[in-house]
Amino acid sequence: METLDIKKYPWEIEFPGINFYDIQKQIIVDDKLMFGIFLGTGVGKTLPTLVLGQGRILVVCPKQQKLDETWQNNNLKFHLEKDVTVVSKEEFRRDWDKLDRFDTVIFDEGHNMLGVLPETRQRKKISIPKTSQIFEAALSYIQKHKPTRFYIATATPVSKPMNVWAIAKLFGKDWDFFKFRSTFYFPAMMGRRQIWLPRKDEATQQRLALALQKMGYTGGLSDFMDVPDQTIITVNVALSEDQKRAIKTLEEQEADPMVRRARIRTIENGVLYGKKIEKVSDKEDKMVKDTVLFKNGKLDYILERAQEFPKLFVFAAYTAQVNMIAEFLEKKLDCPIMTVTGQSKDRGTIFGDFEKLDRGVIIVAAQICEGYRTPSAACMIFASKSNRFVHFDQGKGRILDGQHLKKNLYIHLVVPDGPDEDCHNSIMGGADFQEKLSVL
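By our numbering, the letter at position 125 of the sequence shown is numbered 116, and the numbering carries on one by one without gaps.
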């Protein structure tokens, strides 16, 4: 079959009014039936995937993308007239066995579907991989219906090596699980329990990358476009005396080392979740939340940057920290301060409203990192990070995409010599912090 030349293809005739990037054009002319679009945030994965979809198309995506009607809006915007059905990943996990066959299946933000661990469990006295419910649903659906076209789209396909095995399995490859595990992991003891940790040597990493490249398109925004310099700085923030006293008290009272480290990290970020007994009546008491907040240096630094930049984007790992930052800034600044947490409704509207502002600050929970763009902000602060690398990797792309190339400043606020710095170093090294904690 003759390979099409993307420069000679009649794009203006076939797709009038659509400006494709070269990598998007290449994906379209290659016209593969099954592959992954593993391109970095901002490159634009939705459009080529939607163009290639044929017949009845099923899109499985995060809940917010469904609520925002991202796929339907792109279908209308580019006049593609595709027959698209969109379900959230939660709906798919619950109802996969009730869904009809579709000609094309697209897993958007497909890393959510790749829940496979190197550990095993027993099924009928046979050792099999530990897997998430949504991976089992995805595999079962694909094996049952065998769609003509099947695409996995995500900027972060490999937060763990086992994700590559999961992709191969979904694509129908019969890779030996135990051989894969021994190649890309090594056993380690945690107390009396054996766990499996990823190998980090260069040769193994290259082998993993090659395996992924054979199953899809890979690359970041800078691989396809001239991206302006993106400045990254790390700022060490000292603890206040109140924080030091709270940590000392916690160290004296909390015996469990894992719990102690987790709670110390919240204190380092200005919050300490707890509970207290509240009297309801002479005969009744109840347990209520009692969250302690600490004035801390991260607040002052965020205020300085908010005064410097017209639009500021802040990520924080804890809901109480998000709200604390917002309340602090509201008292100091004369501009809109917006928040997005797990309790926020209509998130798409909040991000859209932020984009319309000439000046403002938005503080977002760290795990809310997919399916939106706020390119009007030129500065992003990670006040604290989620334990998961994928949240950081997805999050940093919210203020940069191919249609809004500009210089950006990324700032990491870190309390040194403790769990906050450990988390930062783990995430910046490309690993989940929880993995590191498991072997401490």
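Rather than coming from a laboratory, the hints here were simulated on the basis of the structure.
Positions of the beta carbon are idealized from the N, C-alpha and C atoms, including for glycine.
Wrong hints could be hidden among the right ones.
[To be verified] Cut-off 25 Å, straight-line C-alpha distance, at most; resulting in silico cross-link-like pairs (PhoX-like, lysine-lysine):
| no. | residue 1 | residue 2 |
| --- | --- | --- |
| 1 | K347 | K286 |
| 2 | K54 | K280 |
| 3 | K191 | K239 |
| 4 | K135 | K73 |
| 5 | K68 | K89 |
| 6 | K323 | K347 |
[What the hints assert, rightly or not] Beta-carbon label-pair distances, calculated as ranges:
| no. | residue 1 | residue 2 | range |
| --- | --- | --- | --- |
| 7 | G211 | R190 | 18 to 26 Å |
| 8 | S231 | G182 | 32 to 40 Å |
| 9 | T174 | E232 | 44 to 52 Å |
Results for each hint:
no., hint, verdict
1, K347 to K286, "31 Å, violated"
2, K54 to K280, "28 Å, violated"
3, K191 to K239, "35 Å, violated"
4, K135 to K73, "24 Å, holds"
5, K68 to K89, "30 Å, violated"
6, K323 to K347, "22 Å, holds"
7, G211 to R190: 18 to 26 Å, "23 Å, holds"
8, S231 to G182: 32 to 40 Å, "35 Å, holds"
9, T174 to E232: 44 to 52 Å, "51 Å, holds"
Going through the hint list in order, the structure does not satisfy hints 1, 2, 3, 5.
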